[in-house]
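Could you put the whole structure together from the sequences, leaning on the hints where they help?
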Amino acid sequence: MGENVFISGASRGIGCEIARTLAKEGYNLAMCCANSIDSLKAYTESLCDEYGINAKAYQLDVSSESSWSEIGPIIMSEFNSIDIVINNAGISYVGLITDMRSEDWHNVIATNVNSLYYSTNTFLPGMVSRKSGRIINISSMWGDKGASCEVAYSTSKGAINSFTKSLAKEVAPSNIAVNALSPGVIDTDMNSCFSAEDMNALVEDIPANRLGTPTDVAEAVLSLLRMPTYLTGQVIGIDGGF
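Residue numbers (my numbering): 1 to 242.
There's no promise every hint is true.
Below, in silico cross-link-like pairs of lysine-lysine (DSS-like), each with a Cα-Cα straight-line distance of 30 Å or less [what the hints assert, rightly or not]:
1) 41 to 24
2) 131 to 169
3) 145 to 131
4) 41 to 56
5) 56 to 24
6) 56 to 131
7) 131 to 165
8) 145 to 169
9) 131 to 24
Quick caveat, the hints were computed from the structure, so don't treat them as lab data.
This is how it looks when you write it as structure tokens:
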């Protein structure tokens, strides 16, 4: 049997495509989402039927410590071990920071940053015990460049980059690789709030002259999994040269 992979935010967009790409390669998948559990269950069943893997869906609010306390042990009992963690779940807020409510700020930070703390505390002890494992965090180019009207999102992604580099140093002696992928503008539902004019303007700034796709990111994840664990602590851009 293949290695066991945990993927957060797996019901759509980048997470959904990462799941399919890894299923094709024989990885078993523990997939979670916050709300779309029925559609995620149907998707996991289709992956099992098509690729002969073990895949299960879990309703998990990655921003909630209590949700992790409930669902984390279930995942560990049903998969015995998680060899690879892909922290993909994330949300954004578009608007002036002076218009942003405090609860919106805290929700972005909890979902995008606190979730990494919870997943690490859930799955890392087993990796350390086995002296083996990989963690891939999905960041964003805005974590480095900063995006106007997305201050909370940019802040959270910058924190993910620092988390990645720091944790990589901490767990390297245990043969665990920790890296982040930093996508540019990817054609997903998250960008549906922008007008066609805004999107066209963004494309004009991308040397590759197109939006990225979830498949681009998923293939990059697969490539990272094939790299030696000596490659660690890196934030790797996948942004069309932006």
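Verification of the hints:
{"no.": "1", "hint": "41 to 24", "in the structure": "holds, 18 Å"}
{"no.": "2", "hint": "131 to 169", "in the structure": "holds, 14 Å"}
{"no.": "3", "hint": "145 to 131", "in the structure": "violated, 35 Å"}
{"no.": "4", "hint": "41 to 56", "in the structure": "holds, 7 Å"}
{"no.": "5", "hint": "56 to 24", "in the structure": "holds, 16 Å"}
{"no.": "6", "hint": "56 to 131", "in the structure": "holds, 25 Å"}
{"no.": "7", "hint": "131 to 165", "in the structure": "holds, 19 Å"}
{"no.": "8", "hint": "145 to 169", "in the structure": "holds, 24 Å"}
{"no.": "9", "hint": "131 to 24", "in the structure": "holds, 26 Å"}
The structure shown violates just one earlier hint, number 3.
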